[in-house]
Each structure stands twice: as structure tokens, then as C-alpha cells.
Amino acid sequence: MPGSIEVRGLSRTFHTTVRRPGLAGTLRSLVNPERVAKHAVSDITFDVAPGELLALLGPNGAGKSTTIKMLTGILTPTSGEARVAGVVPYQERERNARNIGAVFGQRTQLWWDLPVRESFSILRDIYEVPKAEHAARLAEFDAILELSTFWDTRVRHLSLGQRVRCDLAAALLHDPPVVFLDEPTIGMDVVVKEQVREFLRHQVEERGRTVLLTTHDMTEVERLAERVVLINHGRLVLDGSLDEIRRKFGSTWQVRATFADAHAEVEPLPGIAVLRKDGPQVVFGPDGPDAPTVHQALKAVIERYEVTGVAIDEADLEDVMRAAYVHAEAV
Amino acid sequence: MNAVRIAWRVTRLNFRAQLEYRTEFLLMIAIGAIWQVSVIVFATVLLTRFTGMGGWDSSEVLLIPATRMLAHGLFVLFLGRVHGSGRQIQEGRIDIYLTRPMPVHRQLQLEFFPTNAIGDLTVAVGLMAGALSRSQLDWTPGRISYLVAAVIGGMFLEAALFTAVASAGLRYPAADYWSRWLEELLGTFGSYPLNVLPKAVGGLLTYGLPLAFVAYFPAAVLTGHGHDTGVPYWLAALSPLVGVAAYLGSRVLWRWSLRHYAGIGG
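Note that the protein sequences, when read in sequence, are chains L and H. Heads up: the first sequence begins at 1 in full-length UniProt numbering, then just goes up one per residue. Heads up: the second sequence begins at 1 in full-length UniProt numbering, then just goes up one per residue.
Worth flagging that the hints you see were computed from the coordinates, not collected in a lab. Cβ coordinates follow ideal geometry from the N, Cα and C atoms, glycine included. There's no promise every hint is true.
[To be verified] Over the 12 angstroms line for every Cβ pair with chain H, so calculated as not near, a few chain L residues:
(1) S4
(2) R19
(3) K69
(4) T72
(5) E94
(6) D113
(7) E118
(8) F150
(9) D167
(10) V192
(11) E205
(12) V237
[Unchecked claim] Residues from chain L shown here face chain H by an in silico Cβ test under 10 angstroms; the list is partial:
(13) T76
(14) G80
(15) R154
(16) Y325
[To be verified] Derived contacts from chain L toward chain H, CB cut-off under 8 angstroms, selection only:
(17) F14
(18) V18
(19) S79
(20) V129
(21) M218
(22) W253
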């Protein structure tokens with residue numbers, strides 16, 4: 001299907017040689033090397049619908065980049081199957097390349113010694129984009145990314161933020177239905193990050209592009225993604241909407257209430273536990289899998305007790321993901 | 001046709017970009033020429049101190065480094081970016097090439113303009129002019145055509161050797177060191193009639209690393225020493241074709257290695 005990504009049981013194993021400790025061990029490894037298999041990605045299955053932005057998350061070394069490399073045709077999987085806009089990327093690399101745009105935050109796809117605009121026009125020739133279409137698209141990108149202020153500069157003289165904005169434009173100039181972004185905003189300042197996010201939102205909402213994004217920036221996930229896939233040690237451990245993940249791992253809220261009567265009897269409420277009591281200060285927290293949301297808990301506390309002040313601490317997405325990672329490690 | 005147009009356009013833009021850094025541009029040309037200083041010294045010593053070598057007179061011997069240098073200069077100009085591809089692999093540039101609808105090998109060649117090739121070719125053309133002016137041979141159209149074919153074949157053979165090393169580099173990045181050794185080897189032994197070397201070394205440079213096919217065998221055929229090379233005359237005479245065949249083989253190896261590319265990191 002145009003614009004969709006289908007991943008079925010995808011695995012990639014790398015074989016490396018283990019060096020034994022000490023000089024004798026090193027010499028033994030030289031004569032009789034011990035090969036070990038490292039399963040970078042193991043049997044992962046997920047789909048991305050056309051026009052959807054999916055965040056592929058996981059700690060460093062989880063297998064995110066390897067997954068993206070298989071979907072962009074850079075690596076061939078050890079087993080399993082993937083289709084990107086109906087094309088098997090590692091079997092028809094050049095055909096797949098016409099359907100996708102890719103940005104690797106730490107590498108540029110532009111010609112280092114050339115002014116950015118020259119790189120754009122070379123890419124126009126490579127992808128055989130009509131001149132008028134190319135000019136119109138460039139103008140559209142310029143309106144959000146403000147490229148024209150530096151697009152006559154050589155790539156080697158650009159700042160990181162400028163360079164990545166140019167890379168984003170370069171990846172989308174041929175109008176690909178599917179876009180892969182591997183940590184696109186790494187190392188950027190907040191202003192440029194926001195500009196990039198706005199650009200991505202525009203590309204998904206207005207242009208209907210399918211985007212697969214990896215990032216460690218949870219603000220980015222919160223602002224852009226509705227659905228996340230979490231992988232750890234190469235395995236898919238979670239696939240769901242942000243709300244579902246919050247419900248599952250984000251119930252780490254606390255309601256801190258100041259009671260009018262410091263000696264009032266405090267009893268647990270359904271799904272709400274009393275964590276601490278210190279004079280008039282009482283701290284409530286979630287109790288069990290059916291705990292209410294922080295707002296429901298706040299309402300319940302206010303209705304049940306006479307309080308003079310309340311404050312809430314809610315876990316942000318970073319805490320939620322940390323909890324999810326810890327859960328994944330334990331599984 | 002579009003591929004040729006793109007290649008020409010990128011080359012033109014890259015060349016123009018290098019021209020804009022004038023000092024860097026001139027330095028690169030100088031480096032290209034200075035790099036060949038050992039060949040220039042060899043040619044000077046040969047002409048001023050010796051009457052010949054291994055049964056060849058000096059003017060005949062001079063044809064060997066001249067052919068090799070010209071082939072090398074053309075290799076650097078047209079196909080030389082494959083030498084040093086290890087850096088492109090380490091920097092993840094190969095990953096970027098794989099996401100574009102264009103052959104990776106072509107993108108590698110179009111990454112930058114090899115300004116040092118101008119220096120290489122300047123020395124090579126000077127050396128060839130010197131070799132031809134001292135030559136006692138009757139330069140018939142047949143001999144001239146064979147010399148041209150030998151230079152082109154030599155270019156392809158050098159490209160084949162470096163492409164084979166680059167193919168290994170796609171799987172084992174440390175293989176890049178071999179390309180430095182190879183360059184050293186070509187520079188050291190490429191200018192001699194190999195019959196002056198011990199048989200084992202000559203055999204290695206014929207059947208192991210087929211350096212002899214770059215310039216020694218073609219020069220032997222041109223100067224009438226073709227029957228004294230230690231290989232059948234027909235094989236020595238077919239050197240230009242050996243270069244082309246080796247290059248085609250190396251490109252098959254490159255494609256196979258690219259399919260098994262494991263990338264760097266993540």
C-alpha cells in the first residue's frame with residue numbers, strides 16, 4: 001500500500017569475535033577465534049499506516065537504528081520481511097529509495113564542498129523532479145525552515161541546526177510518501193527543534209507523509225507522535241498509543257493535600273493509597289492496576305476531605321518511558 | 001543519458017568548488033606531483049647513471065614508469081575515490097549512498113573532485129613525452145593504439161586492485177590499511193622490468209598481485225621483449241584485456257560485498 005510500512009518478524013544478527021582476556025587469551029583468540037552472534041533486532045512485527053507518525057523508541061543499542069537501516073535498504077535482514085510503500089527495501093534498493101526520504105541526524109546527505117542549493121539541484125536531477133515542482137516544494141520548505149538565509153552557503157560552513165534543516169528539505173524534495181528520521185534533532189537548540197517539529201507536523205498533517213521517527217527527546221514524542229513502538233535488546237516490548245502507555249506506566253502521580261484539621265482520620269480511597277501523613281500534610285498515590293488518573297484522584301480527595309490546599313506531581317513522559325524501560329528489562 | 005549528465009554536472013560543480021579555495025587547490029596539485037618524486041628520481045638515475053636494466057636499454061625501461069604513471073593518473077582522475085573508501089565507510093557515507101536511487105560506486109566516485117590527479121597527470125604526461133622522445137621504436141598506428149590500450153588497461157587493473165580492497169573494507173573496515181600497502185607496492189615495483197627481481201617475487205607480482213600487467217608486460221610487448229617475460233607471449237600481449245576483465249570481476253565482488261554490508265554502529 002502506498003505510504004505504509006509493514007514489518008513482519010524482522011531480525012538482524014551480527015557476528016562478532018570475542019577477545020579473551022590477557023595476552024594469552026588474545027593470542028588464543030587469534031588462532032581460534034570465538035564467534036558470537038549478537039541479535040541486534042529479534043523478530044519484530046509492527047505496521048505504520050499511511051499518514052501516521054510513529055515514534056520508535058528505546059535505550060541506546062536497543063536496535064532502533066538497525067531497524068531503520070533495514071527499512072531504508074541499507075542492511076539486509078537475517079530473517080523476516082519488510083515492505084515500505086509496497087517495496088521490499090533490501091531487494092529493490094533503488095526503487096525503494098525513490099519512495100523514501102531519510103535523515104540521519106549525525107550525518108549529512110549533502111555535498112560537503114558545495115553550496116546547499118547546488119546539492120538540492122543535484123538531488124532534483126537524481127530523482128528526476130520537474131523544475132517547477134522542485135521550485136514550488138523548495139519555496140514551501142523555505143517558508144517553515146527559513147532555508148534561504150543560508151542556502152547559498154557551503155555545507156561545510158553551516159551550523160548543525162542549519163545543516164539538519166537542509167538535510168530535512170533534501171530528504172523530502174522528491175516528495176516521498178515515507179520518511180525515516182533517525183534522531184533528527186540531536187544536538188539542536190530549542191528554537192530550531194521547534195521549527196523542525198513544526199515542519200514535521202506540517203508534512204504529516206498537510207502532506208499525508210508516513211513518518212518513522214527515532215529520538216531520545218520525549219518532548220518531541222509528546223508533540224509529534226500519537227503512537228509509539230518501544231524496543232529493547234532488539235525485541236519489541238510495547239506497541240501502543242501514548243495514552244495507553246501513560247495508563248500502563250505513567251501512574252506515578254502524587255496528590256499532596258493540606259488538611260484543615262491536622263488530626264483528621266485519613267482512610268484510603270478506592271484505588272488511592274495514603275503514602276505519608278505528617279500533621280496536616282497528607283500524600284496520596286495510586287494503588288493497584290485500577291488506580292484513577294491524577295485528576296480523578298484530586299477530585300476524590302477534595303470531595304472526601306476538607307482541605308485547605310492541594311498540589312499534584314505527575315510523571316512526565318520521560319518518567320513514563322523510564323518506567324516502561326525498567327519494566328522491559330524485567331520481562 | 002541522465003546518469004552521464006548528472007556525473008558531468010556533479011564533477012563540474014565539485015571542480016568549481018575546489019577552485020574557490022585557491023591555495024588548497026594549488027597545494028593538492030603540488031602534492032599529486034610531489035607524490036611521484038620516487039618515479040622522477042628513478043627516471044633521472046636510470047637515464048644518467050645506467051645504460052640499461054635486465055637486458056632492456058634505458059629508453060625502453062623508461063616506457064614502464066611512463067605507462068604506469070599515466071595509467072595511475074587516469075585511475076586517480078576517473079576511479080580513484082575507491083581508494084580511501086574506508087573513511088567513507090567509517091563516516092557512514094555509504095549508508096547515505098544506499099538511500100539514493102543511484103549506484104553506490106558511482107556516488108563514491110562523485111563525492112569530490114580529485115585535484116591531486118592534475119599533478120599526477122602532469123608528471124605522467126611529462127614522463128611519457130620523455131620516454132617517447134628517447135624511444136628508438138617505430139611508432140606505427142598499431143603500436144600507438146596498443147600503448148593507448150595498455151594505459152587504459154593499466155588504469156582498469158589498478159582500479160580493480162583498489163576496488164577489491166574496498167570490497168573487503170565494506171565488511172572489514174581495517175582492510176583500508178591494505179590499500180595503503182598496495183599503493184606503496186605499486187609505487188615501489190611498478191617502474192622496474194620485473195625480470196631483474198628474484199623469480200618468486202616476479203611470480204608474485206604476476207599471479208598474486210598482477211602488477212606486471214599494468215606496465216611491464218605491455219612495455220615488453222612494445223619493445224620486443226615480450227618473449228622473455230616468463231609468461232606466454234599471448235598472455236603478456238593481452239594485458240589491456242586482463243585489466244578490463246579484472247575490473248569487471250572486481251565490480252562483481254563490490255556488488256556482492258555491498259549486499260553483505262553490515263554498516264558501522266547502531
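Hint by hint, here is what the structure shows:
Distance check on S4/L: its Cβ is at least 19 angstroms (rounded) from any Cβ of chain H, clearing the 12 angstroms threshold; non-interface status holds. The non-interface label for R19/L is consistent with chain H: the shortest C-beta to C-beta separation is roughly 14 angstroms, beyond 12 angstroms. With a least beta-carbon separation of about 6 angstroms from chain H, K69/L fails to lie farther than 12 angstroms from that chain, contradicting its non-interface assignment. Not every CB of chain H is more than 12 angstroms from the CB of T72/L (nearest about 5 angstroms), against its label as outside the interface.
Here E94/L does not stay apart from chain H, with its beta-carbon only about 4 angstroms from theirs, under the 12 angstroms limit. Distance to chain H contradicts D113/L as a non-interface residue, since its nearest Cβ pair spans about 4 angstroms, not more than 12 angstroms. The Cβ of E118/L does not lie farther than 12 angstroms from every Cβ of chain H; its closest approach is about 5 angstroms, which violates its non-interface assignment. No Cβ of chain H approaches the Cβ of F150/L within 12 angstroms, the least distance being about 17 angstroms, so the stated non-interface status holds.
For D167/L, the non-interface assignment is contradicted: its Cβ lies about 10 angstroms from the closest Cβ of chain H, within the 12 angstroms cut-off. Listed as outside the interface, V192/L is consistent with that label: its C-beta sits roughly 22 angstroms from the nearest C-beta of chain H, beyond the 12 angstroms cut-off. With a minimum CB-CB distance of about 25 angstroms to chain H, E205/L clears the 12 angstroms threshold, and the non-interface call stands. Interface exclusion of V237/L from chain H stands, the closest Cβ pair being 18 angstroms apart, more than 12 angstroms.
The closest approach between the C-beta of T76/L and any C-beta of chain H is roughly 6 angstroms, which is under the 10 angstroms cut-off, so the hint is satisfied. Look at G80/L: its Cβ only gets to about 17 angstroms from chain H, farther than 10 angstroms, so that hint breaks. The interface hint given for R154/L holds, since its Cβ lies 7 angstroms from the closest Cβ of chain H, which is under the 10 angstroms cut-off. Given hint, Y325/L at the interface with chain H, is violated; its Cβ is 17 angstroms from that chain's nearest Cβ, farther than 10 angstroms.
Annotation: F14/L was flagged as interfacial toward chain H, and the flag holds, the nearest CB pair being 6 angstroms apart, inside 8 angstroms. Proximity of V18/L to chain H is violated relative to the hint, the smallest CB-CB distance being about 17 angstroms (cut-off 8 angstroms). Proximity of S79/L to chain H is violated relative to the hint, the smallest CB-CB distance being about 15 angstroms (cut-off 8 angstroms). For V129/L, the shortest C-beta to C-beta distance to chain H is roughly 12 angstroms, which exceeds 8 angstroms, and the interface hint is violated.
Hint status for M218/L relative to chain H: violated, with the closest Cβ pair at about 20 angstroms, above 8 angstroms. The interface hint given for W253/L is violated, since its Cβ lies 35 angstroms from the closest Cβ of chain H, which is over the 8 angstroms cut-off.
Of the numbered hints given earlier, the model fails hints 3, 4, 5, 6, 7, 9, 14, 16, 18, 19, 20, 21, 22; all others are met.
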